[in-house]
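Residue numbers (the UniProt record's numbering): 1 to 294.
It is worth saying that the hints were derived from the structure and are not from the lab. Please note that a few of the clues may not be correct.
Restricting the straight-line Cα-Cα distance to at most 30 Å, the calculated cross-link-like pairs of lysine-lysine (BS3-like) are [said to hold, decoys possible]:
hint	residue 1	residue 2
1	89	256
2	110	256
3	156	170
4	226	134
5	134	89
6	226	110
7	155	256
8	255	155
9	155	170
10	27	89
11	255	110
12	239	255
13	27	37
14	68	134
15	229	255
16	134	156
17	134	27
18	134	229
19	156	110
20	170	68
21	229	256
22	27	155
23	170	142
24	134	234
25	165	226
26	89	234
27	126	229
28	134	37
29	226	256
30	165	110
31	142	155
32	155	165
33	89	177
Computed spacing ranges between beta-carbons, pair by pair [unchecked claim]:
hint	residue 1	residue 2	range
34	195	33	34 to 44 Å
35	193	59	16 to 26 Å
36	68	9	41 to 51 Å
37	30	255	14 to 24 Å
38	138	67	43 to 53 Å
39	32	155	48 to 58 Å
40	138	200	51 to 61 Å
Remember, it's a predicted structure, so these values are computed and weren't measured experimentally. Cβ coordinates follow ideal geometry from the N, Cα and C atoms, glycine included.
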Amino acid sequence: MDVPISGPILIEKGEQLAQELGHTDCKLTGGWLDRFKQRHGIVFKTMSGEAASAKDIDTSKWEETLQKILADYSPIDIFNADEMGLFYKCLPSKSLTFQGQACSGQKAPKERVSLLCAANMDGSEKLPLLMIGKFGQPRCFKGINTLPVTYRHNKKARMTSSLFKEWVQKHHRRFLKQGQSVALVMVLDNCSAHPQVISGLRAITIFFLPPNTTSHLQPCDQGIIKNFKTIYRKLVMQKFISSFDETGSTNTHLKKSLLDASVMAAASWSEVTPATIHICFRHAGFVRENTGSV
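Let's have the full structure, built from the sequences with the hints guiding it.
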């Protein structure tokens, strides 16, 4: 059942059941609710609408296509790519404090970038991140000849079909230049920013997932992006603590620039391990039939 269940709903239903059993004076409390949740291993989670909508979608054709991909190509030649949004200045929104003491903070910064990450099935190769910001020539990039990420921009800091084409064609040229004769397969979700056809590709074949199934079938959504963001937040906290120790100011994280974000994003991406990527591909169904191998 994909209906949100809250504590008050459980208490109300419990009291209704008690009335039906003849316990007319039953009054359930928060303490009862806490013990009930503890006994039955119930936790409070955010509902994912995308995951629920994927349940009713027929993925049999994709499963056939996936098995053909796995049969035709080596794991080193099967890549998955996906976009993510990143509020690159944000600190945790909750804080430990003494009981009874007011807990207040600053307004969370809203500076956002989009990142495109891609890795192959065995985790042996991670393509450099594509970062999309809002500004064409950020002042923090002045005098910087080489960035650790590929940087592009538009007004909304989001992926577009033209940026995606550029990204695919860039890597296509690189693979051709390296003399790779194997086909390179990019498995991508069916996003409107991903054009259905990109002409002139010989080293890259693009396969699309069924719409609204990324929560189950997209390897990056099985933990690769989550692991990346966990590492990135850790680096943000380390930088915040270091700056606070040096200056005593709690505002230092607000001064983090796009250049800082690009350096930390690249460092975080490099720390996502091949084992993590390999496991996430398995969770997304990238397993050969009758063998159990990837």
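Taking the hints in turn, this is what the structure says about them:
{"no.": "1", "hint": "89 to 256", "in the structure": "6 Å, holds"}
{"no.": "2", "hint": "110 to 256", "in the structure": "12 Å, holds"}
{"no.": "3", "hint": "156 to 170", "in the structure": "23 Å, holds"}
{"no.": "4", "hint": "226 to 134", "in the structure": "24 Å, holds"}
{"no.": "5", "hint": "134 to 89", "in the structure": "15 Å, holds"}
{"no.": "6", "hint": "226 to 110", "in the structure": "20 Å, holds"}
{"no.": "7", "hint": "155 to 256", "in the structure": "20 Å, holds"}
{"no.": "8", "hint": "255 to 155", "in the structure": "21 Å, holds"}
{"no.": "9", "hint": "155 to 170", "in the structure": "22 Å, holds"}
{"no.": "10", "hint": "27 to 89", "in the structure": "46 Å, violated"}
{"no.": "11", "hint": "255 to 110", "in the structure": "13 Å, holds"}
{"no.": "12", "hint": "239 to 255", "in the structure": "11 Å, holds"}
{"no.": "13", "hint": "27 to 37", "in the structure": "17 Å, holds"}
{"no.": "14", "hint": "68 to 134", "in the structure": "40 Å, violated"}
{"no.": "15", "hint": "229 to 255", "in the structure": "20 Å, holds"}
{"no.": "16", "hint": "134 to 156", "in the structure": "6 Å, holds"}
{"no.": "17", "hint": "134 to 27", "in the structure": "55 Å, violated"}
{"no.": "18", "hint": "134 to 229", "in the structure": "20 Å, holds"}
{"no.": "19", "hint": "156 to 110", "in the structure": "13 Å, holds"}
{"no.": "20", "hint": "170 to 68", "in the structure": "26 Å, holds"}
{"no.": "21", "hint": "229 to 256", "in the structure": "17 Å, holds"}
{"no.": "22", "hint": "27 to 155", "in the structure": "55 Å, violated"}
{"no.": "23", "hint": "170 to 142", "in the structure": "24 Å, holds"}
{"no.": "24", "hint": "134 to 234", "in the structure": "25 Å, holds"}
{"no.": "25", "hint": "165 to 226", "in the structure": "26 Å, holds"}
{"no.": "26", "hint": "89 to 234", "in the structure": "12 Å, holds"}
{"no.": "27", "hint": "126 to 229", "in the structure": "16 Å, holds"}
{"no.": "28", "hint": "134 to 37", "in the structure": "45 Å, violated"}
{"no.": "29", "hint": "226 to 256", "in the structure": "22 Å, holds"}
{"no.": "30", "hint": "165 to 110", "in the structure": "28 Å, holds"}
{"no.": "31", "hint": "142 to 155", "in the structure": "20 Å, holds"}
{"no.": "32", "hint": "155 to 165", "in the structure": "18 Å, holds"}
{"no.": "33", "hint": "89 to 177", "in the structure": "38 Å, violated"}
{"no.": "34", "hint": "195 to 33: 34 to 44 Å", "in the structure": "51 Å, violated"}
{"no.": "35", "hint": "193 to 59: 16 to 26 Å", "in the structure": "22 Å, holds"}
{"no.": "36", "hint": "68 to 9: 41 to 51 Å", "in the structure": "46 Å, holds"}
{"no.": "37", "hint": "30 to 255: 14 to 24 Å", "in the structure": "43 Å, violated"}
{"no.": "38", "hint": "138 to 67: 43 to 53 Å", "in the structure": "45 Å, holds"}
{"no.": "39", "hint": "32 to 155: 48 to 58 Å", "in the structure": "53 Å, holds"}
{"no.": "40", "hint": "138 to 200: 51 to 61 Å", "in the structure": "32 Å, violated"}
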